[in-house]
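The listed protein sequences derive, respectively, from chains A and H.
Counting in numbering that gives the first Met the number 0, the first sequence runs from 0 upward without gaps.
Counting in numbering that gives the first Met the number 0, the second sequence runs from 0 upward without gaps.
Possibly wrong hints are sitting among the right ones.
Claimed, not checked - Computed, partial: chain H to chain A, Cβ under 7 Å: (1) Tyr7; (2) Met50; (3) His131; (4) Asp145.
These are computed hints drawn from the structure, not numbers from a lab.
All C-beta atoms, glycine included, are put in the ideal place defined by N, C-alpha and C.
Chain residues, written in single-letter form:
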Amino acid sequence: MAQAQPIRTAPQPDTGETYLLPGETYTSISSVIGDVPLTAPLKTPRAWFLGFGVAFALLMVFLVSVSWLFIRGVGIWGINIPVGWGMDIINFVWWIGIGHAGTLISAILLLLNQGWRNSINRFAEAMTLFAVACAGQYPILHLGRPWLFYWLFPFPNTHGMWPNFRSPLDWDVFAISTYATVSLLFWLVGLVPDFATLRDRSSNPLVKRIYGFAAVGWRGSARHWHRYEMASLLLAGISTPLVVSVHSIISLDFAVAQVPGWQVTVFPPYFVAGAVFAGFAMVLLLMIPVRAFYGFQSYITIRHLDVMAKVMLATGMLVVYGYFMEVFASLYSSSKYEQYLLYNRLSGPSAWAYYGLLFCNAVAIQPLWFRRVRQNIPALMVISAIVSVGMWLERYVIIVISLQRDFLPSSWAMYIPTVWDWSLYLGTFGLFFTLTFIFIRVLPMINIFEIRLLLHQETERAHRNEAAHGHGHDHGHGHDHGHTPNPAAAD
Amino acid sequence: MQASNEIYGVMAEFDSPNSLLEAAKKARAAGYRKMDAYSPFPIEEVCEEIMPEDTGVPRIVLICGLLGASSGFIFQAIGEFLDYPFNIGGRPIAITNWPAMIPITFECGILCAAFGAVFGMLALNGLPMPYHPVFNVPRFERASQDAFFLCIESVDPLFDRGRTSQFLRGLSPLQVSEVAH
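Chain H with its partners taken away, still in its complex shape (with noise of 0.2 Å):
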């Protein structure tokens, strides 16, 4: 058993999705779960074994916007009915008027639903984050182009720099290297 903390862990290259799917299958049925796959577009299978569980995206545009539609109705109703009431066109000055704050409120609530889609899925993502030990791995360049890459990380119980390595080996990849922190 060797040190497997001085890496962040190993990596290996693969040439199409299909080697890369089965290989996320592979490494998932032996056993490792800390484990990223790589890839220049997202391939559904491949993200479902790399990570079954929630996404936790939904929640929080689902918070985000309900929060964002009623505080835009309840600050409507401030201005109009409370903090200074004045009658147009003869409408109602009283919450019996809500059908003609509907649209405002919406549209608050679009709008804080988008923010909270985009900010908390980078959010969650951990982005920005401008280094990541990865980006150390020869030819990752190409995995925002046309390669594929699996990486099991040292983090995983079942990791072993020796065994892990020659596991990845067994998968026919491309290349198989260490990922240095």
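Bound conformation, chain A alone (with noise of 0.2 Å):
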């Protein structure tokens, strides 16, 4: 379809600097990204094991937990009457935060025609997934009778009863199983010609069979790439408001709410610029070292850090505006109890929380305004871990400083996490490196044809600088040509 092709390839400004490295060409692309899948298990890299060893260790840790807690009961934490929604639900939100980068990466900056997101896209919309499958435990574990969950669908039931379709509650069901399965479909689409890739360069013929089978006769066919491409570009626009939609319907658990500190109208917006922010952040913790140790300084530049860096301050800065939204609000309402509330933050027993939630989400990141610090990796290190820990807070913050001192002072109590609040969320990070670890294992986790891709545009822009170059000068100069083989095809 015509009239869609050029949203992805109109000409950029040309800031004369490039994603790629030189010296890289649709080969060697294949070659570096697409053999770390295929290396045979015993050559894998001993780091991997060891990484894949703790990873997994951490998910028994979580198959423990879950397990004392069917047992049990949700006794086993320390939820209580009022706060009934504790480390649970911050853990819910916040991993489910996480993911929203990986979509914000995959399809609103490919709607914005961001070539540079070719070479993260993949990771990104993995731990999208992982994320999602991370968070999606806790509301169900929460339940209390976890193995009744299937009640939040609506089935055909000798009860003759259906879930409340006009409760928050309800729309959370269904924003979260759509926003998992349409990263899924999202990200296996992106997978079928990597397989292909992958089939064809196997020697292996039970790998070469696997591959095939999952790269479903792919051939690379320009009627078929068109069709492909129609769909990325569209089920990238159906995901942009998807995303949007799935954070504000989370929010809207809170601000439909009478609780104090909930009921903010900024809730949907702040909530959503949180959890990009919060994704970005760990996008980097998990690229760099990544980047590092599979050698791939070519195609994750450290202008991707710079970028990336340069979204978590905007965004960081969205959630800043956010913070002093909910002092307004509460300032301005004239209700005692939001009144109360500012001031419970600042100087109740849980002030820590509020306190350290600023230092991490407004200060932190201030140095992020300065190159040096964007380009200078251990330092985006650890603003993004300080960034992660931020974001934790927030929602601590939001969920257990408002529940623990409501309306009655008769009724408040103190909110004190368990050992196995804590065992359960590590656990959770063992479910989400173990799928991590197993996935930059057997898949590409670059977008291998989307890199080439990035190089055909690069090398076309690389003819287009050329001529007009020729036309304003007459004779050359050394300027960086690098893998222009053939400057003459340029008219």
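Hints given; two lone chains; assemble the complex.
Okay, here's the thing in structure tokens:
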């Protein structure tokens, strides 16, 4: 479909910089990225086994925590009345927020024609899926009778009842399950052409069959590509409002309630910005070690890290705006409960969380204004880790501080997470990293065909530049046109 | 004139996206229509030469999205207002409360549209298709890595085993080979 095509490849303002290091060819891209999953099992790097072993041990922590929960019930956690939503909901919102960066990178940046996303979208989408898988555990485990979780879905039943479709909690069920499904579809569609590459590169007949099966007979036909690109574009188009809707709906779980501090109209956009903020921090935290370990510096360049840090700074400042609005809302509300909430945040028993959150999310990101910091890998790692903690604290502040002291002082209570709360949280890290390690072992962690496309576009751009320079100047100059095999082709 | 139905077509390999595009343009100018290009990444201009018509995917996505959204809405209305009307939080038990049903309506629409995009694309492409004649061509395994192919199919009215091969050889390809069924 012709009208949609230019969205993807319309000429960008040329900054003269490239997101690919020179010297790459279609062949080198296919072999460097494609050979990681094709390594024979016994030749897997030792560090991978080490990382996978740690992650798998944590996954067992998850198993133990869930088993004990099934045996004893939610009483093993620190939740009480009034704090019925403790770490389960904090962690649920935290994990799902982390996932949102993946959709942002894969969908919104595709629509905005940001070619640099090609290097990181596969990894970020995988992170989305795994984070959603972790997030999905919590609301189900928090149900009290998790084995009846299917009661959340509308199905013909002997009770003759339906879920309450007009409750944000049921919107959540639909939003999260739709989000997980669409993210999975988007990710799998993106993998098909790369499965074909792996099929054609592998020498082991069994491996060839497995990847061949997954490639559904992809042969790179132009007709297929045409429909494929259209479908990707449309998936990106529908994922964009989807991702915004998901975290907005999660924020409505709070905003529809009457608890002080939850009834704030800024919640939906503030939650979405916070999600992207936390997600980009997590992408950086994961991407930097993987990039160094597998030597992907030519595909995930320092400029990628720089741009991601900029996105993190921008969304972080949006979140800070949200904090100001919360303060404004409580001061302006002329409700003593709302006003007391601010006092409680600033000097109540959990004030440390509020100050911690302000430090992590507002102060610690300020160095990112400087290019030197954005391009300094250790600094980025530290700031991303601080932001991840800060976003967890944000959910702690919103959920726990509001619930601890709601309306009647006689019903106030402290919330103290138990060891099972923490072990479940640690356990979901096990789930997340186990899936991540399996992913980087068996699937190409960078989208190979999109990197080829990027190389093609960069080559074309170099041609165009050369042509423009040729018209403007009479004789050549030592400009970098590293990968322009045939300058005459420019016209 | 030789019999042409014995083979699937004639395939030429090119060394770069630009030479594939040149070849596709020339083949189109020469009147060939039943042809296909094979490349390791989407090349928009080549797609336009090979298949200038509509892809058909957007229509499917639109229909699926509208069907999903409307059935999601009707489903909720049946559950909330007809089958089991129940007063929760004093909300009206009537269609006037439709805004509270929009989030699920939206999610149902998105879900069906996404299924439509993926499975519609696969169906229009005729995938999964484990066997295809082009896989018989020598070096075709490079088509998913770094090689560019143009195939003129024997079903094309202008196809002639000898002359089409001759035509493709004139486009300075790396190799030309016949594609067995």
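**Report entry** Evaluation of the interface hint that places methionine 50 (chain H) against chain A, nearest CB under 7 Å
**Finding:** holds (5 Å)
Query raised in the report: Taking the least C-beta to C-beta distance, is aspartate 145 (chain H) closer than 7 Å to chain A?
Result: Since the shortest Cβ distance to chain A is 4 Å, the answer is holds.
Query raised in the report: Does histidine 131 (chain H) pass the interface hint, meaning its C-beta sits closer than 7 Å to a C-beta of chain A?
Result: Holds, because the Cβ-Cβ distance from histidine 131 (chain H) to chain A comes to roughly 6 Å (cut-off 7 Å).
Requested in this report: For the hint on tyrosine 7 (chain H), just tell me whether its beta-carbon gets within less than 7 Å of chain A.
Outcome: Check failed: Cβ of tyrosine 7 (chain H) comes no nearer than 12 Å to chain A, outside 7 Å.
The structure fails to meet hint 1 from the earlier list, while all remaining hints are met.
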